[in-house]
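Please work from the sequences and hints to get the whole structure.
Chains as they are written, first to last, in the UniProt record's numbering: chain A, 1 to 698; chain B, 1 to 698.
In case anyone wonders, no lab produced these hints; they're calculated from the structure.
Errors might be hidden in some of the hints.
In silico DSS-like links for lysine-lysine, alpha-carbon gap of 25 Å or less [claimed, not checked]:
#, chain 1, residue 1, chain 2, residue 2
1, A, LYS505, B, LYS34
2, A, LYS34, A, LYS643
3, A, LYS643, B, LYS643
4, A, LYS72, B, LYS34
5, B, LYS48, A, LYS505
6, A, LYS45, A, LYS235
7, B, LYS616, A, LYS65
8, A, LYS647, B, LYS323
9, B, LYS45, A, LYS610
10, B, LYS616, A, LYS408
11, B, LYS320, A, LYS643
12, A, LYS34, B, LYS34
13, A, LYS611, B, LYS72
14, B, LYS52, B, LYS94
15, A, LYS323, B, LYS643
16, A, LYS616, A, LYS647
17, B, LYS647, A, LYS408
18, A, LYS320, B, LYS643
19, A, LYS323, B, LYS505
20, B, LYS611, A, LYS72
21, B, LYS505, A, LYS610
22, A, LYS508, B, LYS610
Okay, the calculated beta carbon distance ranges per label pair [to be verified]:
#, chain 1, residue 1, chain 2, residue 2, range
23, B, PHE44, A, LYS48, 26 to 32 Å
24, A, SER691, B, PRO692, 32 to 38 Å
25, A, THR572, B, PHE44, 29 to 35 Å
26, A, TRP299, B, THR49, 57 to 63 Å
27, B, THR49, A, LYS505, 16 to 22 Å
28, A, PHE95, B, LYS616, 53 to 59 Å
29, B, ILE196, A, PHE47, 39 to 45 Å
Quick look at which bits of chain B chain A covers, simulated, 3 or more residues with Cβ under 8 Å [as the list claims (entries may be wrong)]:
#, segment
30, 322-336
31, 495-505
32, 534-544
33, 622-629
34, 664-672
We put the beta carbon where it would ideally sit given N, CA and C, even for glycine.
Listed here are the chains, written in short residue letters.
2 protein chains.
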Amino acid sequence: MDSRGHSNGGELEAKQMDIRRLSSSRSNTQCIHKVGVPPKQNFFKEFKTRLKETFFADDPLRTFKDQSKSRKLVLGIQAIFPIFEWGRNYNLTKFRGDIVAGLTIASLCIPQDIGYAKLANLTPQYGLYSSFVPPLVYALMGSSRDIAIGPVAVVSLLLGTLLQKEIDYHTHPEEYLRLAFTATFFAGITQATLGILRLGFLIDFLSHAAIVGFMGGAAITIALQQLKGFLGIQKFTKKTDIISVMRSVFEAAHHGVSLLAPQTPHVYGVYLHTNGPLMHNKLNLMHRNFFYDLLQWNWQTIVIGVSFLSFLLFAKYIGKKNKNLFWVPAIAPLISVILSTFFVYITHADQKGVAIVKHIEKGINPLSVKQIYFTGDNLLKGFRTGTVAGMIALTEAIAIGRTFPTMKDYQLDGNKEMVALGTMNVIGSMTSCYVATGSFSRSAVNYMSGCQTAVSNIVMSCVVFLTLEFMTPLFKYTPNAILAVIIISAVINLIDIQAAILLWKIDKFDFVACLGAFFGVIFASVEIGLLIAVSISFAKILLQVTRPRVSVLGKIPRTTVYRNTQQYPEATRVSGILIVRVDSAIYFSNSNYIRERILRCLADEEEQTKKAYSPKTQFLIVEMSPVTDIDTSGIHALEELYKNLRKRDIQLVLANPGPVVIDKLHASDVANLIGEDHIFLTVAEAVSSCSPKLVEEA
Amino acid sequence: MDSRGHSNGGELEAKQMDIRRLSSSRSNTQCIHKVGVPPKQNFFKEFKTRLKETFFADDPLRTFKDQSKSRKLVLGIQAIFPIFEWGRNYNLTKFRGDIVAGLTIASLCIPQDIGYAKLANLTPQYGLYSSFVPPLVYALMGSSRDIAIGPVAVVSLLLGTLLQKEIDYHTHPEEYLRLAFTATFFAGITQATLGILRLGFLIDFLSHAAIVGFMGGAAITIALQQLKGFLGIQKFTKKTDIISVMRSVFEAAHHGVSLLAPQTPHVYGVYLHTNGPLMHNKLNLMHRNFFYDLLQWNWQTIVIGVSFLSFLLFAKYIGKKNKNLFWVPAIAPLISVILSTFFVYITHADQKGVAIVKHIEKGINPLSVKQIYFTGDNLLKGFRTGTVAGMIALTEAIAIGRTFPTMKDYQLDGNKEMVALGTMNVIGSMTSCYVATGSFSRSAVNYMSGCQTAVSNIVMSCVVFLTLEFMTPLFKYTPNAILAVIIISAVINLIDIQAAILLWKIDKFDFVACLGAFFGVIFASVEIGLLIAVSISFAKILLQVTRPRVSVLGKIPRTTVYRNTQQYPEATRVSGILIVRVDSAIYFSNSNYIRERILRCLADEEEQTKKAYSPKTQFLIVEMSPVTDIDTSGIHALEELYKNLRKRDIQLVLANPGPVVIDKLHASDVANLIGEDHIFLTVAEAVSSCSPKLVEEA
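As structure tokens, then:
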């Protein structure tokens, strides 16, 4: 009762003070300003702008504004087929750059393609097919100048594992292939749809941190998969997690026992005479494992693998050391293919258990439209696999599309890119290609070898065409070990330890997300890794939205600036006034927390004032600058806060509410509840209008 | 090339200028301040505080600080059983209040309970059971003084529909009952667990808007369900959506045909003679429908229903008109029960097809521990149903727990409340109760009839106890129509049109969420409605996080304040300098958008400057006050922005980065890239340090 009466008195006083203040505002050094209310715009206009911001943030039709009809048509065609735009001022110097780059990436992609096809459980030629048609399509529709299109390791692995879960490629190779095309088709559809519906931003939800972890994990998984070719193991697990791979690598040995049982006795019969039985058993065991491993792990293969791996790594090293020698690692793979193939051919190593490619289908892509499942259960399977593979393919392509333009300073429309990539894969799926996208490593080479336009892709696909037409027989004696080695040396680049360290330095939470994805991929499977990555990313957003920061502000000496007292220890509190800043939009997800948090700040303050016998807090100023938006729950929270403070005879004051907030405060009539004269432009003005009252009441 | 050289020149100049500025800062009217870097705290400390903020935001152990061991024990007991806290200073005056309130809500709850039990497809006594044990448990453990515990309409309906989907209560009443107890058990477990794990904030994710819509929809669904009792229909659909309910209401009539076929002919034999065959057929049809509907919809029932419904609504109206007569609507239900029962008893209306309660089990709750499924498939079903029902029950209870304390000014610990409610339901499930929670309507009555403490709940449960022991036979002749009517008049309050209008006024998006939930419940089912509500709520959060606002700032005349030019049209741009403010934390989900958005602002600016022949933009000041946090993707975006601007010979300047941001800028070394001397405390200082350079270059 008493307090209420008192408070009313205070209120009345406040009113008078305000009037006085306003009148004397001229004489004041800093005059008081009203908080602006943005011009009321009708709902549909507002809705339209919001929609535009969400889906057409990059304003794609900007160029079309006030142009003639015919011009618009031309622009439209150019928008869909950028080649007509940059093609017009294409010249010989540019072509020189492109042809060099094209040949370089071709030499790099041909062996890689053959290997990647294996990752997707497909026969080699499909890798080459996917480097022939898609690049041509992209060259017409894509707007990135540096991207190198083709199959990539991670997507191939992902596709392989996902499809394998649906159909076994050993028992049903035909269905498997058809499902692969179906998946590719839907991958393309997904990509194109995302682009057309302007939903490109969806892939932003896979955070940088998550991608780093995922790529690293995928790289290691891929490298492990190569142990099959590298060690020349026949029977190999279809799982991708490190444990089952390692098991199958060593069980391979024991598996050998059954095969080699007959001829084993005499192998170490020698020891039976030279040593005692005990000793013999030990040695026996030791040697058995040793021999069996050796006999199972084909040693000739291992020799070839090790020697060429060291060669490739050395080439990489040179390339790193001297940027002008970037072409060394670029052509090293082709060289090692040629050398090893020749070597096997003359030594007949293939008869000594060195696995070789044996056969690559000759001729260019056959049509595969009829092989795509457009009906039945397999349609669904293909769709599921396709969407996932398509999204991952996008992330890699878009990442590239973001990296190089910033170097060469040209803009890319993410959504347009997606349409291009999508169309490319759809057409690909109809011409016996599997999911293709932009390759990190090859794009980098493409960029360094001075490509100017997408023509480098055309050059590459021409080379691939020639290979398919004439050179496939030459790969007969290429040892699988070489392909394994090439893949290993390629995916090593995907393990970005620097980035991981940076993550740790900058943001611990990101680092956790990164680790989660990494271990998820290694120990569970590619898709589990993805799942973990995405869910951690979301968890982070939600956490931020649920538990925003609320900081106490103080006045920085010799200024009218109020800042976080934790960040600026020199900032001093104003006695009798508590100033807090809410560092987030106020939503249903955090409104109650914010209300309680502010009240807690007040409680702490009052404890201190009690200790210090300093005047009781009479004003609570809430700095609203960071509060970019507020919803009904938020408004209610403010209302409750106001009532709660009123009971304690404390006046709620707002400083600098944003356009949206002030708008809603008026709409909900809370502005009047708090009182127009308690909403200020800046904290400084709020304080200066509160302090005189303090004096009077003291 | 040229531009690059130039820019370097500019940079050099800038450096010199900065030095000059710093030296002359004393003489300046406003001196320049460094941006504070918060004291570096180690990772684990940081992690700990973050954790505390997330789960122990309300600092529950505050009271335990620096207390003696014995005191701590007492406090601990009081924390778990608040009754020992408020019980100590309980007195007669308080008791007087409580007993009145207790009797009032008892009179209200008894008829409601019987009806609500029907909603959950249970026999009446289980409703009464649930108003006997749970209130007692809550009185011991709960800390809300105004909440009235017992079964509520929405939860009963939800439980009924969910359980019906698992087991049909007609064919397997026994299993159905057991499953109901199992669900109740797990509902309790869920609630208690959420409380113990301090995950109370999870229910905040069901936004106010969503709840308004959901409650409204549920109310209408419940009202529709009452048509069965209201019209005295025997065969009624088990679905809850409006369409199938309406169908069954009218199909009920046609169903009648078979029953009444024999006696129909003579009914309108009259017409056969008076009219021609055509005419006859028309009338025939007309009358048939008319008669049949009447014969099927028991008219006596309807009469009773209509008359008492109008009575109840009138009572409500009186209660609304005059707050002192709040008890009129409170006791009206009981009165109508008594009257109608008596009426049926003397008129033997039950023999004329007026459905009556017939029989309520006598005696208090039998134990039901053994009936709970702790194993097998039903365990899972019970768990699924229980968690959902438990969450919804919580939202209602917590909403109440938030409303009344603000009126009487006492604090509630949400998590502690959850533990209390959870325990209550667990114990309930073992004593033949189904999910109970705080009832909006009864709590309001409880509050208005002057309850002081949870003792009012004890009083209520005593009355219920007496009812169970002695008065159940009196309900034999109570017509179901009355129960239907009571429920209808009770759930009407849940339809909060005012709130919906407010939603529309304040936040259109919230309104959409509200509508979504509403129509979801009405046209699909309760859980679909829930799903829609939750997903819309999430979509809103994500949208906000993906597409934050980026606004252009201008200087407000006669101040050093820079504000959004849309909100403050009088704010003036500074020529040669573009000032933008990012209104959100910069995360992977929006970093690219923000970067592109800022560049777009720049593009617009440059278009205008071209038109106006005003000097070219040389500085881009990014006001970072609202940027409360930044992750690695955000840092990368800033870096790219910087590089991009450098190419155009524009200097990036940051104003007032927060503690977290500045910390990460340093960690990632971007601070050095941008240059310490381009990071300022306020926009004003940034501008004042940029402008001299502009002059020089002009």
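Against the structure, the hints:
Restraint check for A/LYS505 and B/LYS34: the C-alpha separation of about 23 Å stays at or below 25 Å, so the hint holds. Distance check on the hinted pair: A/LYS34 and A/LYS643 sit about 24 Å apart at the alpha-carbon level, within 25 Å; holds. Restraint check for A/LYS643 and B/LYS643: the C-alpha separation of about 50 Å exceeds 25 Å, so the hint is violated. Only pairs whose Cα atoms come within 25 Å are accepted, and A/LYS72 paired with B/LYS34 is rejected, the gap being roughly 52 Å.
Proposed proximity of B/LYS48 and A/LYS505 is supported: the alpha carbons are some 18 Å apart, at most 25 Å. Simply put, A/LYS45 and A/LYS235 have alpha-carbon atoms about 65 Å apart, too far for the 25 Å limit, and the pair is violated. Under the criterion of a C-alpha separation no larger than 25 Å, the hint pairing B/LYS616 with A/LYS65 is consistent with the structure, at around 24 Å. Restraint check for A/LYS647 and B/LYS323: satisfied, since their Cα atoms lie roughly 23 Å apart, inside the 25 Å limit.
Under the criterion of a C-alpha separation no larger than 25 Å, the hint pairing B/LYS45 with A/LYS610 is inconsistent with the structure, at around 29 Å. Restraint check for B/LYS616 and A/LYS408: the C-alpha separation of about 23 Å stays at or below 25 Å, so the hint holds. Of the pairs offered as hints, the one joining B/LYS320 and A/LYS643 holds, with about 24 Å between alpha carbons and a cut-off of 25 Å not exceeded. For a cut-off of 25 Å, the pair hint linking A/LYS34 to B/LYS34 is broken: about 30 Å separates their Cα positions.
Proposed proximity of A/LYS611 and B/LYS72 is supported: the alpha carbons are some 23 Å apart, at most 25 Å. For the hint linking B/LYS52 to B/LYS94, the alpha-carbon distance of about 38 Å lies beyond 25 Å, and the restraint is violated. Only pairs whose Cα atoms come within 25 Å are accepted, and A/LYS323 paired with B/LYS643 is accepted, the gap being roughly 22 Å. The hinted pair formed by A/LYS616 and A/LYS647 meets the criterion: a straight-line CA distance of about 14 Å does not exceed 25 Å.
Only pairs whose Cα atoms come within 25 Å are accepted, and B/LYS647 paired with A/LYS408 is accepted, the gap being roughly 10 Å. For a cut-off of 25 Å, the pair hint linking A/LYS320 to B/LYS643 stands: about 24 Å separates their Cα positions. Of the pairs offered as hints, the one joining A/LYS323 and B/LYS505 is violated, with about 63 Å between alpha carbons and a cut-off of 25 Å exceeded. Our distance criterion of 25 Å between C-alpha atoms is met by B/LYS611 and A/LYS72, whose separation comes to about 23 Å.
Restraint check for B/LYS505 and A/LYS610: not satisfied, since their Cα atoms lie roughly 43 Å apart, outside the 25 Å limit. Between the alpha carbons of A/LYS508 and B/LYS610 the distance comes to roughly 45 Å, so the proposed pair goes past 25 Å and is violated. For the hinted restraint 26 to 32 Å between B/PHE44 and A/LYS48, the CB-CB distance of approximately 49 Å leaves it violated. The hinted window of 32 to 38 Å between A/SER691 and B/PRO692 holds, with their beta carbons roughly 35 Å apart.
With their beta carbons about 31 Å apart, A/THR572 and B/PHE44 fall inside the hinted range of 29 to 35 Å. The beta-carbon spacing between A/TRP299 and B/THR49, approximately 58 Å, falls within the hinted interval of 57 to 63 Å. Distance hint check for B/THR49 and A/LYS505: the Cβ-Cβ separation is about 19 Å, which falls inside the suggested range of 16 to 22 Å. Roughly 36 Å separates the CB atoms of A/PHE95 and B/LYS616, a value that falls outside the hinted 53 to 59 Å.
For B/ILE196 and A/PHE47, the Cβ-Cβ distance of about 43 Å falls inside the hinted range of 39 to 45 Å, so the restraint holds. Counting residues of the segment 322-336 of chain B whose beta carbon lies closer than 8 Å to any beta carbon of chain A gives 0, which falls below the threshold of three, so the coverage claim is violated. Residues of the segment 495-505 of chain B with a Cβ under 8 Å from some Cβ of chain A number 3, which satisfies the need for three, so the listed coverage holds. Residues of the segment 534-544 of chain B with a Cβ under 8 Å from some Cβ of chain A number 6, which satisfies the need for three, so the listed coverage holds.
With 4 residues carrying a beta carbon less than 8 Å from a beta carbon of chain A, the segment 622-629 of chain B meets the three-residue requirement, and the given coverage holds. With 3 residues having a Cβ less than 8 Å from any Cβ of chain A, the segment 664-672 of chain B passes the three-residue criterion, so the hint holds.
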